[in-house]
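> Given these sequences and hints, build the entire structure.
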Amino acid sequence: MPGLKRSRAQDDVAGEIDDVHPSRKRRLEFSKTDAKLAKIYGELAEHDSKLRLQAAIELLETIKSTSSQQDELITRVLERLIKGLCSSNKAARLGFSVALSEVVRLALDRASAGAPTPVDLTSLTARCIELTQPDLKASGQQSRDCLLGRRFAFQSILQSDAGLRKDVTETHWRTFLSAVTRLAAEKDWLRSECGAMLYEYLSSEGSKLKTARVQALVDALQEAKLLETAEGVALWVLIAEHWEETLPKGVWSKKDPLSSDERAKLKRMMISGTSFGGEDIVAAKKSGSGTRQSRPTPAWHRVLDHLYRRNDQSDFTRFWQDVVAGGLLAKASSDERKALGLQIASLAVSDAPEAYIGSVMDEAVMRTIVAHRAENTRYLYDAAKQVLDTISRRGKSQPTTSFILLQQLLRNGAFDQQTRTKTVETLMQQADVDGLDSIVNLLHESIFDRTIKDQSSLNSRQRVCADLLLNMIRGRRTGQQPATTEASTDDGSEVVPWLEHALRVFVEAGYQKSTCISETTRTTFRSRLTSSLASLLVLPSQKLSTIFSAVLTALAASQKTTDAPLDKPSLQALKTAGKARKQLLKGSSTPDPVAAASAFDILFGLSMLQVYNGEPDSAEALNDLQASYEVWQEGEEASTGLIELLLSFLAKPSRLLRKLSEQVFTVFAKDMTAESLQSLVDILQQKESLSGQQELFKQDGEEDDNEDGAVSEDEEDDAEAVDIEDMSDVELVNGAVLVNGVKDDELANGATGSALDEDDESDESDSSSDTSEDAELSAEDEDEETEFDRKLALALGSAAANGNDSGSDDSDLDDDQMMAFEEPLTNVFREQKKVDAQRQDNKGAKENMINFKNRVLDLLSIYVKSQYGDVLALDLILPLTMLVRTSSRKPTQEKAYAVLTQYFDACTKHKSLPRPDDTAACFEVLAAVHEEIKLGGSKLQGTVCSRSSLFLAKVLVAMDVENYQMIGEMYLKLQMECLRDSKVASE
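If you count the sequence shown from 1, position 469 lands on 469 in UniProt numbering, and the numbers rise without skipping.
Since the hints were derived computationally from the structure, they do not count as laboratory data.
Just to be clear, a hint being listed does not mean it is correct.
[Unchecked claim] Restraint-style ranges between C-beta atoms, simulated for each label pair: (1) Lys911 to Glu637: 22 to 32 angstroms; (2) Lys911 to Lys568: 51 to 61 angstroms; (3) Lys422 to Glu924: 56 to 66 angstroms; (4) Met976 to Asn842: 38 to 48 angstroms; (5) Ser888 to Thr451: 48 to 58 angstroms; (6) Tyr379 to Ala414: 20 to 30 angstroms.
[What the hints assert, rightly or not] In silico lysine-lysine, DSSO-like type, Cα no more than 27 angstroms apart, as pairs: (7) Lys934 to Lys973; (8) Lys225 to Lys265; (9) Lys225 to Lys187; (10) Lys32 to Lys50; (11) Lys225 to Lys254; (12) Lys50 to Lys90; (13) Lys560 to Lys575; (14) Lys331 to Lys265; (15) Lys954 to Lys670; (16) Lys50 to Lys39; (17) Lys513 to Lys453; (18) Lys687 to Lys846.
Just so you know, even glycine gets a beta-carbon here, dropped at the ideal spot from N, CA and C.
Have a look at this one:
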């Protein structure tokens, strides 16, 4: 071009190339091309799909850019690509097959354009067979790679649209199809591979084939006897949809392999994978099951998809019953066939339309799953789990199917327990809101199923349904809130229908008369109702009030059909409380009265539920609440009466009552008086023994059951309560707090947990407190056994002496001698029984008192969290400090310390120290704390005394700096005593 200069170096290179001999020039060009092709071939085998596609594009550009000997290059590239398909390196087959299809397209285009050395389909097919022929000495894997490479080569030819080209003759097309069907007939796995390849082709590009080309395919399949195979059936039903006229007669009845007339042959074919063409039927019968299938072939996918598209549920059900349920999953089937059946069931559960799921999850499928999940040693234990995982995934991806899936699972009773999974529970959590009411209906029908004659089985199913209802209410959460917030109205008082329906089911099964529900099961439903309400206490007050109203309305209606109607005092108390509930929220315009009214409303609702449950003294408690409400309504102080009522709730082993007490106490904490606070302190100061319990509850020593209002003796540390096995509302202790299987390390309403990690690690005396207690009990047991042996020896002493005198030690005793033993032995065992009962009373009373103190500490934690600036809170320092020393349980000691820590930290954080009016009283508390440290104890006790003393010192100095001198003198005095007393110094 004018104005541009060509570099001399370029002119020299060009001149050198022009001076090269033509033959050498071609070798030079091909050497550069080969180097580039080698790089492209390497990229075609990479795992990155984008890199493979780019390499295929570069390959085509390289071929097209070769001006001379292009046909020769195409031939070389075709051979290299066909050989590359036999490699299992990386993703070679995927990359090389894409490139091969495009190069074949290019070769056929050049042949159509009149290339000097054209490539036709017949020669290309022959070349594919030749290049992929395994050597005679090839290993099994090498032979498999070669045959698999041929299959991919044929797929590339199909994807090049050779069948759609007019320049490809029928002869060439039939030759190619014959090669494909011959390959399919060689091995079972090749038949599956080639069948899938042909099906995918006819479903995509091949759908444009002319009838003649499809007829050639059908003829090739029939010639190779592949029409009567599983793959042939899949191809047949696809061809019948578009080219029905190409299908031959006499192969299948009515030209339909899925017809009922052909079901027996289809069953054998799908299960065994054997070809059934003419004389092969006899051979198949002799050979048994044929080749075992380790997983479903693609033909299973195609046949099932076709059945779904036919939209004939009855036809699908018959096929499933005959082939899968009655074939693969029959009781007499081998484990291998059942494994295949479970995989097919998993496939069907994943893809079947909603209307077909019930047919898929039939009795045979459920029986196999339950049987093989019963023990982890079963052969199909994991295979059955895969089906259950698919069920859970289907419910998650399509929540509308959850109800249908549950409908099938619940027929087996306690399905989750039988299969050791949480499939049912998971489906219930995944169900959409519209389906929840249907699920409740399903559980209701299962509870009152009168077709089950075995009462034991019915009781078990009813118990499972109760647990499922409870879990559904507990688990339906948005964030941390139950799903009852999913459909609320503007005022927030409406409750979603499924929740109200579930609560009514609890009432109907727990309180109304029914011949199919035993008394034990009725008690279970009552317990589940209480637990459900406990889980709903986190809801807004208006919604919670609506829930209680719905439950109480249903309970009132149940009195018409109950076996044990309430007495007149209880009914009168309920009537009065009902009127109070209706008036509660009227006339409240400020937030505080509204909160208090809501708390009273909840108290009334729960107290009324206690009356319906027949709890001892529940009617009297309801009357006391009515009295406190009337006092509050008149504007007078009502906290003392409320505290006494809450304490009576805390004394019962109920999670609901505990949560309710804490929730109500949070509202009225600001109204606490010295008298009401002292009621809590008095409990902390009681002895952890039978005498302490008797003094607190004013009971005689012979009453030891829970009906007297004491905490259940089966409880242990209340700081670590768990739901019992049947998930009732009763709280038990087992080392950790569990709510719905989740550990709850927080104290009530966000109370600060123990901050004693470092202290606990070095606190050997405290860490061994339980061990010491066990040793003490063991020694006590030994003493009792020794005493019992002594009394027994005294009772038998005279008879033994007489026996020795007579010299008949080995002779049997006569009747008179036996009668002589009766009275002394009876006395001994009677006395021992009294001792055992007394010991059990003492142990139970100790546990009751410890748990009661723990619950009171929860309330105090709530109090100091919000009322840290109240002067009354100072009155808690000394009792809590003393409790750390006097309590026999370390968790209780730690909880007391946690309350103090929260109190001190809250004052520090908000820079708000209490300012008592009586300085002398505050000094007296400080002196009492110093006396506490002199009494000795654990390292925790020393830490508590130190922090309490420092806090009191801060309070006194903040009141008057002059108090610092007296505080210093008190500390100096304490230090001097420490130097003289090694016991105090160690603390």
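> Checking one constraint from the list: CA of Lys687 to CA of Lys846, max 27 angstroms. Satisfied?
Satisfied, since the Cα-Cα distance of roughly 8 angstroms is no more than 27 angstroms.
> Check the hint pairing Lys50 with Lys39 against an upper bound of 27 angstroms on the C-alpha distance.
holds, 16 angstroms
> Is 48 to 58 angstroms right for how far apart the beta carbons of Ser888 and Thr451 are?
holds, 55 angstroms
> For Lys50 and Lys90, compute the direct alpha-carbon distance and say whether it is at most 27 angstroms.
Distance of about 15 angstroms is within 27 angstroms: holds.
> Would you mind confirming whether the straight-line C-alpha gap from Lys32 to Lys50 stays at or under 27 angstroms?
holds, 25 angstroms
> So if I understand the rule, the pair passes when the alpha-carbon distance is 27 angstroms or less; does Lys954 with Lys670 pass?
With a Cα-Cα distance of about 24 angstroms, the restraint between Lys954 and Lys670 holds, given a limit of 27 angstroms.
> Quickly compare the C-alpha distance for Lys225 and Lys187 to 27 angstroms and report which way the hint goes.
holds, 13 angstroms
> Is the distance from the Cβ of Tyr379 to the Cβ of Ala414 consistent with 20 to 30 angstroms?
holds, 23 angstroms
> Quick one, are Lys560 and Lys575 close enough, alpha carbons at most 27 angstroms?
holds, 16 angstroms
> Range first: 38 to 48 angstroms. Now tell me if the beta carbons of Met976 and Asn842 are that far apart.
holds, 42 angstroms
> Are Lys911 and Glu637 spaced within 22 to 32 angstroms by their CB atoms?
holds, 30 angstroms
> Under the criterion that the straight-line Cα-Cα distance not exceed 27 angstroms, is the pair Lys331, Lys265 satisfied?
holds, 20 angstroms
In terms of the numbered hints stated before, the structure departs from none.
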